[in-house]
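Knowing the structure of chain A, use the given hints to seat chain B on it.
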Amino acid sequence: MNIHEYQAKQLLKQHGVAVPTGEPCKTVAEATTAAQKIFGGGGTLAVIKAQIHAGGRGKGTFKDGFKGGVKLAKSADEVTALAKTMLGNVLVTKQTGPEGRQVNTLLVAGAETIKKEFYLAVLLDRANSRPLIMASTEGGVDIEEVAEKTPEKIIKEHIDPAVGIQPYNARNVAAALGLKGELFGQACKLITAVYRTWWECDASMVEINPLCIVEGADGKESLMAVDAKIGLDDNALYRHADILAMRDLNEESPLEIEASKFNLNYIKLDGSIACLVNGAGLAMATMDIVQYYGGSPANFLDVGGGASKEQVTAAFKIILSDPHVKAIFVNIFGGIMDCNVIATGIVAAVKETGLKLPLIVRLEGNNVAAGRTTLAQSGVAIINGDSMADAAQKAVKAASH
Amino acid sequence: MSILVKPDSKILVQGITGSFGARHTQLSLEYGTQVVAGVTPGKGGQVFEHNGKRIPIFDTVADAVKQTGATVSAIFVPPPFAADAILESVDAGMDLAVAITEGIPVNDMVRVRRAMQGCATRLIGPNCPGIVTPGEGKDSHGGCRIGIAPGYIHKKGHIGVVSRSGTLTYEAVWQLTSRGIGQSTCVGIGGDPVNGTSHLDVIKLFNADPETHGIIMIGEIGGSAEEEAAEWIQQHCKKPVAGFIAGATAPPGRRMGHAGAIVSGGKGTAEAKIAAFRAAGIGVAATPSEMADTLLKML
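First to last, the protein sequences are chains A and B. Counting the first sequence from 1 gives a position; the numbering used here is that position plus 1. Counting the second sequence from 1 gives a position; the numbering used here is that position plus 555.
So that you can see chain A by itself, here it is in the shape it has in the complex:
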């Protein structure tokens, strides 16, 4: 699960990380009030940030042509005007795809005077199953590019999960970032707090880009998480009711939400051949074989090991609500499941949904002969695939008509 920037900053703040003062605003009136607080409190500049689960917001363009999902304002009136333009508008960035995302929330915050930008993240290093703190003096830019072009500028510090982060871990990172004096001590505290946010929230990733040295009104320098991104481990959400409450259904595809209600694992893609498969690995491989034979998969769909008639019917309905779908490829290896039960489910689903599109079925496994007979005698027009390769080729052919 992903959360918004303002929610990530709330979690970080709870763990003691300094973040700019700001408020999430869902209406123009809320944005105006937040702005009045900033300018009334002596602030001279506010930043308005569109809250969507996608990167590249600053360089994004709204569908009405308005440029930039992150804007600066010098007065409360300016904030009000920007909020009117941005709220409810659809922002397209390099990560949203051409359909973009509707902006329902703005983060209105005091703009900080930034002296220097760093990068700081905590993630799992899968190579050794240990937490990893990653940092760089090159902040505020695409970190993947930094890692590619100048790998020596990436600082890595592994944490021993038996004891958690130790003060020396934080000192190693702070020193490598070149911080001195008071900022060094601040950085140690901040790095520790960011690590604890990652661990205690069961995050898959906490990324602060940029982490900034900012100059306060009194001229004093301090460290602050100016932007933040947190991804959560879905498997651990059961023990974080507060974080689960941050889920924003507006950020998820309606079809994917519908699928999750039936315990179906569905991911929409932009091709024309819908896939209905049991097992995640086989579901991925089915998409691959469709592409191998020149087609394009419309989705990833894993109906799981014990697909019931209800699940298969729900899966057909979800697939059919994608207007780009021209053919359906059902690829089932019935290991424990009786293929005849699956075949019966497919026939029932086809009849219930009144399917008109070509349906290609490859069925293999337990009691497969009875399953094939059920399909053949159902009166439903089904193209039978003898093997996965045969079925994939037939699906590609059917979708090209």
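Treat the hints loosely; a few may be bogus.
[Said to hold, decoys possible] With a Cα cut of at most 27 Å, we get these calculated DSSO-like pairs of lysine-lysine:
1. A:Lys-60 - B:Lys-822
2. B:Lys-711 - B:Lys-794
3. A:Lys-327 - A:Lys-262
4. B:Lys-794 - A:Lys-230
5. B:Lys-822 - A:Lys-150
Don't read these hints as lab results, they were simulated from the structure. From a predicted model like this one, the values you see are computed outputs, not experimental measurements.
Coordinates of chain B only, in the frame set by chain A:
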């Protein structure tokens, strides 16, 4: 021979009274596997009955081991309690723990892996279909089936199969069996980002097993375990290896069903893994339909 388990390995099942654990214990018993004990805290003293077989249930793994001599644990415990169940089997000194459970929090597994360092127990999984060493009987009956794989698709023989995906394991096994080719042992290592045993660990075991003559290795997007295995294979593996990588068409940044199947930050792509396979001399199946044939051409 085989790797990890033999037909006479004594198995205990943690979570034997849950519906999932009970169902698959029944199937393992029907396959002829030596399930000797069950563990469900609070149900010690009860008996799990199936087709005239009576399996004693214990409150703790330590008790079950002491009373029955079980050396392998199959874990069907729900995610919130699974890390504890794994560590209990480690503490009881099991040779092998096979965690079938899907949905264990990653940080729990990070802790488990750390706690297991230096311990004699090997962990397979979690989020895996388990292990099958096929037996001599009809439809490979009499073998050792730990987990949820369909037993009848197997055939006793000389090909080792290792995979992160359950259904793709079954595909590969079925392709082999349909061509009259048997398997030494089939190992599902699981689809989670943190697991107990890697592709490479299993490849090393197959390489050392005189009864294994060829290997099918199935991988998928995410992480770099396939690349590490490929590097070792190139330098050390004496046996032909064929492979398939799933997820070439997966969009970056999305988790494809398995918690570990994700391309993030440009890392863990199918292209990189396939390139590593090719560089190591591993036969790459162009489609999942050709896994067995790709290996058979190399034998």
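Verification of the supplied hints:
1. A:Lys-60 - B:Lys-822: With a Cα-Cα distance of about 25 Å, the restraint between Lys-60 (chain A) and Lys-822 (chain B) holds, given a limit of 27 Å.
2. B:Lys-711 - B:Lys-794: Holds, at roughly 18 Å.
3. A:Lys-327 - A:Lys-262: holds (25 Å)
4. B:Lys-794 - A:Lys-230: violated (46 Å)
5. B:Lys-822 - A:Lys-150: holds (15 Å)
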